[in-house]
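Those protein sequence lines, which keep their order, are chains E and B. Going by our numbering, the first residue of the first sequence is number 1, and it counts up by one from there. Going by our numbering, the first residue of the second sequence is number 298, and it counts up by one from there.
Derived by calculation from the structure, the hints in this document are not laboratory data. Note that the coordinates shown come from a computational prediction; the quantities given were computed from them, not determined experimentally. By construction, the Cβ of each residue, glycine as well, lies at the ideal position given by its N, Cα and C atoms. It cannot be assumed that every hint is accurate.
As the list claims (entries may be wrong) - Under 7 Å between C-beta atoms, here's a sample of chain E residues computed to sit facing chain B:
#1 147
#2 160
#3 164
#4 249
To be verified - Computed from the model, here is a short list of chain B residues facing chain E with C-beta under 7 Å:
#5 404
#6 406
#7 420
#8 422
#9 426
#10 427
#11 429
#12 443
#13 444
#14 448
Unchecked claim - The following residues of chain B were derived to be distant from chain E, with all beta-carbon distances above 12 Å:
#15 338
#16 361
#17 424
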Amino acid sequence: MNDLATYNFAYLDEQTKRMIRRAILKAIAIPGYQVPFASREMPMPYGWGTGGVQVTASILGPGDVLKVIDQGADDTTNAVSIRAFFQKVANVAVTTRTKEATIIQTRHRIPEETLKEGQTLVYQVPIPEPLRFLEPRETETRKMHALEEYGLMHVKLYEDIARNGHIATTYAYPVKVEGRYVMDPSPTPKFDNPKMHMSEALQLFGAGREKRIYAVPPYTEVVSLDFEDHPFEIQKFDKPCALCGAENVYLDEVVLDDKGGRMFVCSDTDHCEDRRAHGHAGHMLARPTPESQEAAE
Amino acid sequence: MSAVPLLKVNDVSKFYGSRIGCRNASFELYPGEVLAIVGESGSGKTTLLSCLSTRLMPTSGIVEYHMRDGQYRDLARMAEAERRFLMRTDWGFVHQNPAEGLRMTVSAGANVGERLMAVGDRHYGNIRAAACDWLTRVEIDEDRIDDQPRAFSGGMRQRLQIARNLVTSPRLVFMDEPTGGLDVSVQARLLDLVRGLVHDLGLAAIIVTHDLAVARLLSHRMMVMKDGAVIEQGLTDRVLDDPREPYTQLLVSSILQV
């Protein structure tokens with residue numbers, strides 16, 4: 001019989017959590033700065049959110065209500081498995097409702113519903129370094145951050161305009177945090193960038209493979225980079241959501257058949273369901289007929 | 298030429314362990330003046346250039362630069378942020394191999410515009426116009442502005458590198474064998490171009506070369522190096538026409554006369 005603890009709340013041991021919390025505190029103190037941390041092996045492959053999971057595990061308490069989304073949806077593989085993981089290792093309450101959640105772990109979206117004070121958004125980040133594809137040397141990018149040499153970021157945007165006539169970067173769109181650090185907002189669509197600005201919620205970013213944590217504290221200025229004559233713009237959609245009729249939300253394209261049929265629906269499933277429950281309907285929403293109601297009973 | 302030197306070099310030495318890179322180099326460079334450093338391979342030309350351009354820290358000696366505010370600053374004691382800012386605004390560095398000085402994966406326009414963006418230019422139209430202007434000045438067609446340097450010939454790459462360095466109107470340009478690896482006719486055009494630009498812009502330049510013809514064409518003054526030491530310096534025409542040191546005489550006489 002060994003006397004090692006075989007169970008600890010939320011998977012990570014307390015020393016690891018302590019180390020990660022210290023990194024988080026440092027990250028909050030220097031908004032947008034990438035804090036190195038000793039990322040652990042997690043029971044899932046890199047690229048599946050090991051960074052986000054470690055951050056969530058470190059800040060999770062028994063009283064928290066957890067929501068996990070993957071591309072805005074609560075019911076896709078990554079979201080379901082991470083949610084099940086925390087139910088198993090921490091037995092915390094889980095929800096799909098943005099309003100009720102205290103911690104929301106996300107992959108590539110920010111919920112449509114405006115986040116409130118007291119909520120924490122945890123991002124899963126694959127590549128935390130916004131300058132990486134322009135400057136491969138880590139020593140050099142660190143120096144560039146330290147000396148605030150961000151001209152190179154605009155070289156990327158220049159190339160976009162030169163090749164496509166407009167800034168064609170649609171996700172992982174670089175932002176400047178509190179007038180100092182340039183930060184990669186993880187591969188969220190640039191549609192979500194304005195939601196980060198002066199958000200009431202705490203935003204934490206975890207990159208497991210790259211071993212970096214960074215943060216945007218509540219009420220922090222987050223400005224998307226642009227040119228004076230090519231200002232930052234978010235994506236626009238021609239039609240509202242086909243299921244709930246919502247406008248000004250981020251839509252996913254769903255291919256329906258091999259004859260070019262397609263529909264555009266909310267990427268944020270919770271937002272869409274909530275609207276439908278309140279009687280909103282898009283043009284492709286199936287209306288309940290007497291027969292289908294009977295069948296359901 | 299103004300009466301105040303742009304660069305004051307005092308007794309600069311660089312040792313690699315016990316080996317000598319260069320030793321006891323002292324000279325002054327005035328605005329608008331072109332200085333050639335010549336010598337055979339391994340004579341310490343490039344080491345000296347690296348010490349002057351802060352790419353290497355000299356083992357001893359002082360390099361002082363006349364800043365735009367009129368003060369002389371010891372380059373070795375300058376904060377890194379300030380030094381890097383100086384390097385990408387007031388200075389230029391033209392590498393022998395253009396791939397080292399260019400970003401090969403971004404377009405020619407972005408290569409030229411990078412320095413402008415680095416000093417805070419945020420207007421796409423203006424950056425592009427400046428890039429167009431500079432490409433024309435270095436004899437690259439404007440319609441190549443969106444091509445990557447990978448698609449350029451060696452001579453074009455070298456000219457692009459020069460444009461990229463000159464876009465912020467530097468006062469001092471370092472060139473390390475700018476014509477190395479180019480064929481003779483391309484070399485001639487490049488030299489012609491550099492000579493014109495240096496004259497029009499009033500640039501000061503330090504050019505490292507082993508090619509005495511390059512030195513003759515471009516430079517006002519030259520320094521001859523051997524085994525890490527400067528053995529002779531003076532006006533280019535004087536040194537080439539009337540070399541005093543035996544080594545310089547050997548160097549001059551070993552040029553092939555066609």
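Tested hints:
no.: 1; hint: 147; result: holds, 5 Å
no.: 2; hint: 160; result: violated, 10 Å
no.: 3; hint: 164; result: violated, 11 Å
no.: 4; hint: 249; result: violated, 30 Å
no.: 5; hint: 404; result: holds, 5 Å
no.: 6; hint: 406; result: holds, 6 Å
no.: 7; hint: 420; result: holds, 5 Å
no.: 8; hint: 422; result: holds, 5 Å
no.: 9; hint: 426; result: violated, 11 Å
no.: 10; hint: 427; result: violated, 12 Å
no.: 11; hint: 429; result: violated, 12 Å
no.: 12; hint: 443; result: holds, 5 Å
no.: 13; hint: 444; result: violated, 10 Å
no.: 14; hint: 448; result: violated, 14 Å
no.: 15; hint: 338; result: holds, 29 Å
no.: 16; hint: 361; result: holds, 23 Å
no.: 17; hint: 424; result: violated, 7 Å
When held up to the earlier numbered hints, the structure conflicts with 2, 3, 4, 9, 10, 11, 13, 14, 17 and fits the remainder.
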